[in-house]
Amino acid sequence: MRPWIRYAICGVLGLALGAGAAVQRVRTGALGANRAIGPWTTGSDFGTARAGPLTRAIVSLRGLLALPAHEARYYNAAVDSTGAVLDGRCRYRVSGGSIPAKWWSLTLYDHPGYLVANQANIFSVASAAVPNSAKWDVVVAPAEQAGLWLPTGRIERFELTLRAYLPDDGGMGSMTRDQLPAIVKEGC
Amino acid sequence: MRGWFFPVLVGLVLAFVGYNVAMVQFPRVLMELATHRIAKGAGYNNMFAAPLATDKARAIVRPSPDLAYSTCPFDLSDGPVLVEVAPVPAPYWSLSVFDARTDAAYVRNNVEANNQPIRIAIAQEGQPVPDSMAAVRVKGTTGIALIRVLVQDRRQFAAIDAARRKSRCKGLS
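Chains as they are written, first to last, in the working numbering: chain Y, 30 to 217; chain W, 981 to 1153.
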């Protein structure tokens, strides 16, 4: 085999493997994977020039047009408080307390990041709907529940995103594990 | 096998290059696709008031169902673009401008604006902007200006929708 053919084969394969590895890394990356707090992951450099290439790429895939931390903080959970993957055929209790922000919302998405079809057309629970902002529960389940309910649409795998707009600390820090809601599986 | 040593070495170097180039280009490509997709609503340099997000929404990932989004996909090829935001009767609204690299070049909310109108001109470095307008300089020729309005109660949406449709976006050239 002529030498240039060897270089061509290795060069093309190298480029393809490198690019493929990058795409795979981004596709399997979690939004805000650079900081894990209990079941939640977050990042403080979304939408800023400080964001590294990987963060920027993952945000562009999973949360394009995310705001900088001083305007909004995004906490994403793909697992419950024990680390088990969130399963739309199970029932979970999301329990939280006072969220240090002007307003917040909890939204359920499928793995690609789209809202999940359900008969009740409920896609999120926002702070304005919570009777007691210091202590609240949202039940995430496929079937209708008493109180605040977030339907899963019975999908195999779902994610929760907690948006905290205008955080009290100006986005300088992240919420602690105690401040973030717990996600406890109650049954399947 | 000796004849393969240097070709494999070149392949490894190119794999490293390919990884990094793909990682850097990934957000640009997705942003361009999103800008193009959103422009199907009302075209470039026009404000499009999208309906509240449901499970059918596919224009962008992770839409918030609590927010009413108005978008202006901008193209600065022919000059700066003016964005005017009319105040909305909602506890929170904001304007943000994202460039082709997905960086937020500008963010201003209703609290910072004292619930007064916001008027900016999006321009590239070197493009002249009238003195009466606040210039927001971005890298690249395209991007998205985005208005978010908090809709705490969907029954209030009609009033919010009427108010947000007074916001506009247009080329200055």
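Please keep in mind that the hints were generated in silico from the structure rather than gathered at the bench.
Since we're looking at a predicted model, the values are computed, not measured.
Honestly, I wouldn't trust all of these hints.
What the hints assert, rightly or not - Below, computed lysine to aspartate or glutamate pairings styled on EDC-like, alpha-carbon distance capped at 20 Å: (1) W:K1119 with Y:D166; (2) Y:K214 with Y:E185; (3) W:K1150 with W:E1092; (4) Y:K131 with Y:E185; (5) Y:K214 with Y:D116; (6) W:K1146 with W:E1064; (7) W:K1119 with W:D1035; (8) Y:K131 with Y:E215; (9) W:K1036 with Y:D139; (10) Y:K131 with W:E1092; (11) Y:K164 with Y:D116; (12) W:K1036 with Y:D197; (13) Y:K131 with W:D1133; (14) W:K1150 with W:D1035; (15) Y:K164 with Y:E215.
Said to hold, decoys possible - Some residues of chain W that are not near chain Y, with every Cβ distance over 12 Å (derived): (16) L994; (17) Q1005; (18) A1019; (19) G1021; (20) A1039; (21) A1066; (22) P1067; (23) D1083; (24) E1105; (25) Q1107; (26) A1138; (27) L1152.
No residue lacks a Cβ here, since even glycine has one placed at the ideal position from N, Cα and C.
Given pair status - D197 (chain Y), K1036 (chain W), alpha carbons within 20 Å:
With Cα atoms ~33 Å apart, K1036 (chain W) and D197 (chain Y) exceed 20 Å; violated.
Check whether the Cα positions of K1150 (chain W) and E1092 (chain W) lie no farther apart than 20 Å.
24 Å, violated
Checking one constraint from the list: CA of K214 (chain Y) to CA of E185 (chain Y), max 20 Å. Satisfied?
OK: K214 (chain Y) and E185 (chain Y) at ~15 Å, within 20 Å.
For a C-alpha distance cap of 20 Å, please report whether K131 (chain Y) and D1133 (chain W) respect it.
Roughly 17 Å separates the two Cα atoms, so the pair holds.
Beyond 12 Å from each Cβ of chain Y, as asserted for D1083 (chain W):
At about 5 Å from chain Y, D1083 (chain W) fails to clear the 12 Å cut-off, so the statement is violated.
Does the claim that A1066 (chain W) lies off the interface hold, with its Cβ farther than 12 Å from every Cβ of chain Y?
20 Å, holds
Restraint status (C-alpha distance of K1119 (chain W) to D166 (chain Y) at most 20 Å)
Roughly 44 Å between the alpha carbons, so the hint for K1119 (chain W) and D166 (chain Y) is violated.
Minimum Cβ separation between A1138 (chain W) and chain Y greater than 12 Å?
Since the minimum Cβ distance to chain Y is about 17 Å, A1138 (chain W) lies beyond 12 Å and the statement holds.
Does the structure keep K131 (chain Y) and E185 (chain Y) at a Cα separation of 20 Å or less?
Answer violated: K131 (chain Y) to E185 (chain Y) is near 33 Å, above 20 Å.
Does the claim that E1105 (chain W) lies off the interface hold, with its Cβ farther than 12 Å from every Cβ of chain Y?
15 Å, holds
Beyond 12 Å from every Cβ of chain Y: is that where the Cβ of L994 (chain W) lies?
4 Å, violated
Far enough from chain Y: is every CB of that chain over 12 Å from the CB of L1152 (chain W)?
Holds, because the least Cβ-Cβ distance between L1152 (chain W) and chain Y comes to about 23 Å, which exceeds 12 Å.
Of the numbered hints stated above, those contradicted by the structure are hints 1, 3, 4, 7, 8, 11, 12, 14, 16, 17, 20 and 23, listed in ascending order.
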